[in-house]
Amino acid sequence: MFPSDGFLSQPKMSLGQKLLHLHWLFVILLTLTASIGFAMLYSAAGGDFDPWASRQMVRFGVGLVGMIVVALTDIRLWLRYAYAFYFLVLALLVAVEISGFVGMGAQRWISLGFFNVQPSELMKVAMVLALARYFHGGSIEDVGRPLFLLPPAFMVGVPAVLILRQPDLGTTLMLGLASIAMFFAAGVRMWKFVVLGGLGLVSAPVAWFALLRDYQKQRILTFINPESDTLGSGYHIIQSKIALGSGGTFGKGFMQGTQSHLNFLPEKQTDFIFTMLAEEFGLVGGLTLIALYTLLLVYGLVISMSSRNHFGRLVGIGVTMTFFLYIFINVAMVMGLIPVVGVPLPLVSYGGTAMLTLLFGFGLLLCVHIHRDLTIGRRDSGDEM
Amino acid sequence: MHRDSERHKLFSRRALMLGAGQGALLSALVGRMYYLQVIESARYVTLADENRINLRLLAPPRGAIIDRRGRAMAGNEQNYRVVIIPEQAGDVEHTLNLLSLIVPLSPGERRRIRREVKRKRAFVPITVRENLEWAEVARIEVNSPDLPGILIDVGQSRNYTFGPETAHVLGYVAAVSEKELTGDPLLELPGFRIGKAGVERVYDLALRGAGGSSQVEVNALGRVIRELDRQEGQPGAEVRLTIDLQLQRYITERLGDLSASVVVVDVFTGEVMALVSTPSFDPNAFNTGLSQAEWESLVSNPKAPLTNKAIAGQYAPGSTFKMAVALAALEKGAVTPDTHIFCSGSTKLGNSEFHCWKRGGHGTLDLQGALEQSCDVYFYEVARRTGIERIGAMARRLGLGTSLGLDLPGEKGGLVPSNDWKLGAIGTPWQLGETMIAGIGQGYILATPLQLAIMTARIANGGRAVTPRLTVDQVREAGVTPFLKVEADSLGIIPEHLAQVRRGMERVVNSPSGTAYRARISETEHRMAGKSGTVQVRRISKAERETGVVKNKDLPWKERDHALFVAFAPLDNPRFSVSVVVEHGGGGSSVAAPIARDTLAEVQRLAPLLSTKTDQEA
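The listed protein sequences correspond, in order, to chains A and B.
Letter 245 of the first sequence, counting from 1, is numbered 245 in the numbering used here, and no numbers are missing.
Letter 17 of the second sequence, counting from 1, is numbered 402 in the numbering used here, and no numbers are missing.
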């Protein structure tokens, strides 16, 4: 129903055309970043590909292929099934909650036979898609109406509470912040965020007593004064700062990080891998990685802004924001700027779940890029492909 | 399209604002990194080093103790221990069950191990059993695939080759007690042993050596990753004793189960060639720890196995003291060698009657004859004429009355009484009768077997003030240096007087009428001279004396006389002196003299081998 003014806006592109328009530079930057991770995992194992580096490389390879597959799909497919996907993941979250009640304690995993999925991770992507579809369908005027904002607020609130109950503070935080960023990018008025912030401050004491588990409270208290408990919860932060600080400008050299290799550093292959990088390669190494991340973020923003369809823009900003939150929360945590929350360093930390989420998200981002010139009507829900 | 471009503009504005926010936050991260890694870096480098370097002490091997001919008396032996590392064992209980098929473990041991497993970190080895037999070690090693986390560990423990035979000389080592901590960190090492008695204690610092240290890199759990630096300690010095192991063992065997002591010294150097006190104890047992029952049986034994009687036993010297009385009298001129005194079997002073050991009396005797037959009446009279002060002074010159400074702990000084001493200690003035009693070596006077051997040596060597010593070289904390001075100072006793006394001692053994004629050495070049002593430990009442003194063998052990004998040999060119004290043994000439004879015969038989000089060169 909309006129098209070029082959790129045509409903269908050939596979070859799509491959040609894939953002290859972005893929290369991703691979470079992940390679830093491989090197650090090799070092963490004391100079061995086993047990972490080799598996991480296989995962990244498989994930990269999956990412390109996602990138090559028609973006309208994601528009059409956004809600369906969201509700599927929400159902999985509820299932986890119930099986958790049944007897496993804190459970975040669901077994799908051949592999395990963590619904809270999938929710990060599902939420981006669902919110993008919702705001894609609303006009500027709609976004101005408070009632219009109620459904998406529930769409965020329900899974957020479920995940917080798991309990997984880090994921909840990321989900909430990424969603707020999408509300913001969709054009929700500034004053509404100010009110929300005010309400948050007022309700913080309620959350403290009603929602947070003891260990989560402990982490926050520890963050406020880490030196009070050097061998308990504050230990991680202090050891991480020692490792980082002793790295200096140029670091101790590859595989020479004494604090990491002597196990003073906890979880060096996962959440604290940035510390290890900064210990072994110093300020220079840390800045290099942050520069790579910055480039990826800039490309993410550029891709988002250059999309000619609103769904694409919102998916782009949602993915970029999620990526940024991974980076910021993790790095700020290891440097003692925020409390210890279990958030891995994207593309670098060992672990399959976050890698899967991220490459899925980047696949969507690249998909947005390929379909940047495709226009999709506000009321078009992707049914006409 | 118009609506969408409006949306697009708003979106782009908001996206740029988000981008700016991200940029600001990332800049904050970079700033924090700069702060930690550049500005505060030095502080964290220091913290990192403290994190990972741990200093450990290395115990030095304890110095060996050897005899004068270089034979091992005390050394270190490999001590095989079996340890369990809980982390590697996994199921500790199961592993211990399997291990107890080889090394039976008592419920008490199991409890101790369980307690330690709980208390210590999982990678710290816990001792299951020490001092394993070689067969047990072999069986554990063979079965090691089925015993995860079980390791054989080799430590060093002190070993005394001849246990009880040298225990009183060497002493023993044991764990450091709270009071003995001096701040030396070596002493705080678990399992460290220090000398608690004997040579081990006197020369503990030299034997101990100096501890080394090892700087190790540890991880956050304290597990050792690698060694960064190692400084070897100084092994303990080897201490060479003047004891001849063969002689020491010979005498120990000769004494059997008597409660006795024998000291053999070189009359010119004062080197103690044997120092035996029986019964003895096993010093190796002290190393591993004694049970309560074992300890109590040692302590309650009436023959006092833990006391080194040779230096800590104080006895009235009895007739062996008569040489000192004779020398004092000759020096004063109270008697000459020709002074003849008649013995009727007793003498009187006021209302008191002083008896000779021979009921019928000896008739008329000169000095040598009185020594030969050990006439008490003769010496009552000589003492009366000489006075306690002159006797006491001579006794002190001969080495009695004060400790001789032997390098062993617990040496007693004995007692040489005087008027002043009695006023101070008892509060009444000295009586003449007490002087007469002192003339036969009874009463207040006390001497150790070591002092008697030194007294005899000083008589035999022509009046030189030899002092006893136990080591061939001077042992200091820093190490071992040779003794410089060889010849001892003269005591200023007129040689003719000494010759008279020696002649009397010669006749004791070699004259058919001497008290110890039966204990003579018949080989001419090995002949000895000596003096017996028999010391009452009970009062003989007047009634008993009239009905006939009860024979020793009819008395309970504790009431029998002490038997003493001092001697030197060879007769013509004295080289060795010996003192023998047999507690409650009976007669000095019948019990102690044969032991002295056998000892001197043995030491002279060994004499060609005894020089430490030739051994050092060999």
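In short, the hints are calculated from the structure, not lab data.
Be careful, since some hints might not be right.
To be verified - From the structure, some residues in chain B lie toward chain A, with a derived Cβ separation under 8 angstroms:
id, residue
1, F396
2, G404
3, Q407
4, L483
5, L486
6, I487
7, L490
8, Y829
Claimed, not checked - Negatives, chain B to chain A, calculated, CB over 10 angstroms:
id, residue
9, R417
10, Y419
11, Q422
12, Y429
13, L443
14, A457
15, V488
16, S491
17, V539
18, G597
19, L675
20, R770
21, E944
22, D983
A virtual CB, placed ideally from N, CA and C, is assigned to each residue, including glycine.
The hints, checked one at a time:
no.	hint	verdict
1	F396	5 angstroms, holds
2	G404	5 angstroms, holds
3	Q407	5 angstroms, holds
4	L483	31 angstroms, violated
5	L486	37 angstroms, violated
6	I487	35 angstroms, violated
7	L490	34 angstroms, violated
8	Y829	69 angstroms, violated
9	R417	5 angstroms, violated
10	Y419	7 angstroms, violated
11	Q422	4 angstroms, violated
12	Y429	3 angstroms, violated
13	L443	22 angstroms, holds
14	A457	45 angstroms, holds
15	V488	34 angstroms, holds
16	S491	37 angstroms, holds
17	V539	28 angstroms, holds
18	G597	24 angstroms, holds
19	L675	41 angstroms, holds
20	R770	87 angstroms, holds
21	E944	70 angstroms, holds
22	D983	69 angstroms, holds
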